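Peer 1: Here are the chains, one letter per residue:
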Amino acid sequence: MYCVFRENSEQQYISLIKGENMKKQNMFTKEYAWRGLMTAGGLLVIAITICIGAFLIYKGSGTFTIFGHSIFEFLGSTDWNPEDNAQGGGTVGALIFIVGSLCTCGLALLIATPFAVGSAIFMIEIAPKFGEKFYRPIVEIFAGIPSVVYGWVGLTVLIPAIKKVFHLQVGHSVLAAGIVLALMIFPTISNVAADSIHSVPKDYRMAAYGLGSTRWQSIYKVVIPAAGSGILSGIILGLARAFGEALAVAMVIGQTTALPKGLFSTTKSLTTEIAAQMGNATEGGEMKTALWTMALLLFLLSLLFILLIHYFSRPKKDKE
Amino acid sequence: MNRVQRARGINQIMTGVFYLIAVFFFTLLIGFASYVIIKGFTGATPEMFAFARKGSIGNQLFNTIYLVFISLLFSIPLGVTAGIYLAMYAKKGFLTKFLRICIETLSSLPSIVVGLFGYLVFLVFFGLGKSLLAGALSVSILAIPVITTTTEDAINGLPGHYLQASLGLGATRWQSIYHVLIPACIPRIMTGVILAAGRGFGEAAALLYTTGSGTDLRWNNWNLTSPPTCPLNIFRPAETLSLQIWGGLQINGQDPNLANLSAAILMILVLLFSIGEMH
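Sequence lines, in order, name chains A and B. Quick note on numbering: the first sequence equals residues 1 to 320 in the working numbering. Quick note on numbering: the second sequence equals residues 1001 to 1279 in the working numbering.
Just to be clear, a hint being listed does not mean it is correct.
As the list claims (entries may be wrong) - Cβ-Cβ distance ranges computed for the label pairs, FRET-style:
| # | chain 1 | residue 1 | chain 2 | residue 2 | range |
| --- | --- | --- | --- | --- | --- |
| 1 | B | Leu1073 | A | Ala161 | 23 to 29 Å |
| 2 | B | Gln1164 | A | Leu95 | 39 to 45 Å |
| 3 | A | Ala161 | B | Ala1050 | 29 to 35 Å |
Stated by the list, open to error - Far from chain A, some chain B residues (derived; all Cβ distances over 12 Å):
| # | residue |
| --- | --- |
| 4 | Tyr1035 |
| 5 | Lys1039 |
| 6 | Ser1056 |
| 7 | Tyr1085 |
| 8 | Tyr1162 |
| 9 | Val1180 |
| 10 | Glu1203 |
Quick caveat, the hints were computed from the structure, so don't treat them as lab data. Just so we're clear, the structure is a prediction, and the values are computed from it rather than from any experiment. Idealized CB from N, CA, C, for every residue including glycine.
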């Protein structure tokens, strides 16, 4: 009797263990399957990025390999007259667009940076309660407003205003583009700068006050230098956003193929030329290939901005 | 004493300057939003809210929301898996570093470049034709980095005990992720999704060469396999609100009030989503 019972229970026990093992095995297969799936997701993101880069290089290098233009012509000449067919023979100097982009973005940064850093200081240092509750959320909302809306308001409000104030024939100008871009990148810079000012340890301020400094002295001499790299990252992020903006700029820049002569002259930028011409150009033609090269240039520039941000926000060695 | 007084004076002046900057931008931003919304609605006529072929915004509004929905169908699974991989499985090394650089590159890519890529891949290589699907896939490329980073931040931001307790109870890594970490992260992941959706609503440059302009919908046609007038068909051209604003410039004679109304509706959509994101 006892023996039988024991045998039974032993068998039960063994089968239990077997089942448990099966379950465990099943669990581990699942574990590895899911892990594989997550890794695949990560790899797919890498693949997409590489794909974008590879396609742009493949398409954009055509200007130099198929149509035989030199890089110096592309980057250094203002002679933009590519043929819209596969024979080529036109000129592909993109300097006008590069200068146009640089001017508008530079102007936007000049306008936006002081205000953005100022309002970041306001919301963290001067009025933290109001800043945290109202000001910052509103600035954050404005980072998400579509660029077309900015462009549209620029076109319908800003351009007539510029025309009236400065007595011009046309209101479309580098200035208008700069202002629209400045308004667009203001929230970006402001948010990043506020984050980096917020992360400055409180002891720094306390130490400054303890030494008898006023609030402005502690901001100017202690907080801003300590948050400097973060603020710089914000500025570069803003610059990257301004560089890539196409339609808002296209609405207000006036679209004439000439180097800008001053604040009030019309010109074109890299993105606006791509947006305007890509649809009309023939597939495989010199024109389209040159436009691809400009897209490649934009891609390389955004890579450069990222490297710059990494360079500025790398962990610093302690200077004792 | 003189120096102290001067320092105090400068301090007060600078405080005033900061207040001025803040007040100026506060009013500017509020004024901007209310101007767009008020101007949009004062110029609008009742016909503009219809779902007609021309001169209305109904179809465009539907296209905008539908396109963002489709793009999220692609970007949420991919973005969340990549985020989980980065937070839980990635080992320190070249691959992880490279993946992070890739995500940063994606997030700072000019949207027109993404649009060109979408045009090249989905239209030229796969021969999709200008379609809602091609546009949605392009927008999802822009949404992936947002969702990935918020997912990773959300998981990394959880207290370490969550994972430790779950592992201590004998759960495997995936079981802890699925049953403990992700449920705890859902609100923050949703924030990322809403952020991405808000971006998607306003996207225009990426759609310029992928979805095309003009939209012809028959609201009694629900046959998916029929010619491209069925609203749910994803292989039809689909003009969105932002493209309508842009298109208003290209086609002479289009009522600027229509573009004003589109801008107002877009603004309201973005505001609603931003407020939704904060709660």
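Peer 1: Look at each hint and say if it fits the structure.
Peer 2: Results for each hint:
Between B/Leu1073 and A/Ala161 the beta carbon distance is about 43 Å. The supplied range of 23 to 29 Å is therefore violated. Look at B/Gln1164 against A/Leu95: about 59 Å separates their beta carbons, and that is not inside 39 to 45 Å. The supplied range of 29 to 35 Å is met by A/Ala161 and B/Ala1050, whose beta-carbon atoms lie about 33 Å from each other. For B/Tyr1035, the non-interface assignment is contradicted: its Cβ lies about 7 Å from the closest Cβ of chain A, within the 12 Å cut-off.
Annotated as non-interface, B/Lys1039 brings its C-beta within 12 Å of a C-beta of chain A; the closest such distance is 8 Å. Non-interface status of B/Ser1056 relative to chain A is upheld: no Cβ of that chain comes within 12 Å, the nearest being about 18 Å off. Non-interface status of B/Tyr1085 relative to chain A is broken: a Cβ of that chain comes within 12 Å, the nearest being about 4 Å off. The beta carbon of B/Tyr1162 sits about 18 Å from the closest Cβ of chain A, which is more than 12 Å, so the claim that it is off the interface holds.
With a cut of 12 Å on Cβ distances, B/Val1180 stays outside the contact zone with chain A, its closest approach being about 14 Å. For B/Glu1203, the non-interface assignment is contradicted: its Cβ lies about 7 Å from the closest Cβ of chain A, within the 12 Å cut-off.
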